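The listed protein sequences correspond, in order, to chains S and U.
Taking the numbering used here, the leading residue of the first sequence gets 1, the next gets one more, and so forth.
Taking the numbering used here, the leading residue of the second sequence gets 1, the next gets one more, and so forth.
Hints were generated in silico from the structure; no laboratory data involved.
Keep in mind it's a predicted model, so treat the numbers as computed, not measured.
Some clues are possibly wrong.
To be verified - Here are the simulated distance ranges between beta carbons:
no., chain 1, residue 1, chain 2, residue 2, range
1, S, Ser-165, U, Pro-73, 54 to 64 Å
2, U, Ile-79, S, Glu-64, 53 to 63 Å
3, U, Ile-186, S, Gln-104, 52 to 62 Å
Heads up, the beta-carbon is just placed ideally off N, CA and C, and yes, glycines get one too.
Chain by chain, the residues run as shown.
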Amino acid sequence: MINIKNLDKYYSDTKVLNNISIDIKKGEIFAIVGHSGAGKSTLLRCINGLEDYSDGSLIVNNKEIKALGKDQLREFRKNIGMIFQHFSLIQRKTVFENVALPMQLWGFKKEVILKKVKDLLELVGLDKKIDAYPNQLSGGQKQRVAIARALTLDPDILLSDEATSALDPNTTTSILNLLKEINEKLNITIILVTHEMEVVKQIAQKALLLEHGNIIGFDDTEELFLKPDLKMKEFLGETEVVPNEGVNIKIYFPKDNAFQSFITKMARELDMDFNIVWGKLEEINTHIVGNMVINIEEKDKEKVTNYIKEHKIIWEVL
Amino acid sequence: MFDILFPALGETIYMSFVSTFLALIIGFFLAIVLTLTSKGGLKENLKVYSILDVVINTLRSFPFIILMIVLFPVTKFLIGKSIGTTAAIIPLTIGAAPFVARLIESALKEVEIGVIEAAKSFGASDFQIIFKVMLVEALPAIISAITLTLITVIGFSAMAGAVGGGGLGDVAIKYGYYRFQTDTMIYTVLILIALVQICQSLGDYLYKITKK
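Next comes chain S alone, as it looks inside the complex (with noise of 0.2 Å):
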């Protein structure tokens, strides 16, 4: 649905993009991660025409964004909702006239508006809340006031510019099971950009990863936690603290795999002892996969490495 192919930006001379290609599926939650400066904002707003992008293409329901006109942009955009930050309310209308702002721009009928935002309003669970203003309102509150208004044109798609990152973490999450559910249940796709990898642990199923300006990372969520590359490792600032004497061997537990018993199993078989120096188990998406870090003599390498592969464990030595 959402086809990004070598897409390069420039600021005046700086790059902030460079030769981006990546495929959105429908009804997918995608994620997109890096530290502030890396570019995922800038790569958001090319996707509904905010920005607009040097080379390359942004094919979106085979619509090419750089050769939309202004009317056919402003119609385009109907398509794509979008969240923020700072949730970008008017303080000066109440939350019912925020929700129906997008539609009273649209001219829709006032009986279609008034029934449109108070069903939104419930599945954001903010219908009490109808006639208070902004700043009546605690931040996750805002957010899903927000959520309303981007959800009002009946959008395909979904785009959340560090939606969460103003607030704390239990109302990060009541916000992504909010987006969850949405995801779910109307089949909005889902584009997020954050900088907090919880976020992307929490919703998304895929990930790009992106510094400087270029793809250093782009996977499914599990793969791309369960085995790091070292430039993810570096991204996550994670380093294993591991002893120097003998061999470290990491073994990773992809989401479908029996993890709990293999170590033990493992020393009882091969009838060994070892350390288990490092460890790491995580919810992913609703995964938990993680890795596991053992310490052997170097006498007994080969024993455990023949025994770990002979299981089909993704392992490594460190």
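Following the hints, complete the assembly by docking chain U onto the known chain S.
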């Protein structure tokens, strides 16, 4: 004494309110052009912006009394004479319009960029963004700007006496200063204080009810 003061108050109110109103119309238009054409604006056009910028700064640099004299020919062309209360409205308007333009421009600039971006994201046109989003959001600041302008114009109008415009300032100079009628001077000042106070309070009230 009061038969001098009351007509003078009437003249002051007439001059100030009419010029403020006219200055608002012109200034509002200029502010919108400035906002649209500024860097990063909806219709960025730095040439138009810098020309307007220079014109506005030039007009604002004039001491009002000099501006009045410079504008004699313009006033004469527009209303057929260059002296009198109505004649004073022309320089007052032209003096205040650039001031209004700047104030409204900065009020519009204060509208959070994200709100404008959000409006774009659901397909609002530039016209809609200005009138249905930015002006709505900036209304309290614009009300403050109007209050400030009105009070400034009341101050300027004291100089209108120089072109036979009358008004309270004229009375204060003619009777209070030249003829040593201290009581008349005190009364004019008191009336002006009350007038300014009323305008400010009304402005503050309107600001309060529009600010959410």
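Practice prompt. Could you check the structure against the hints above and give me the numbers of any it violates, in ascending order?
Written response: none
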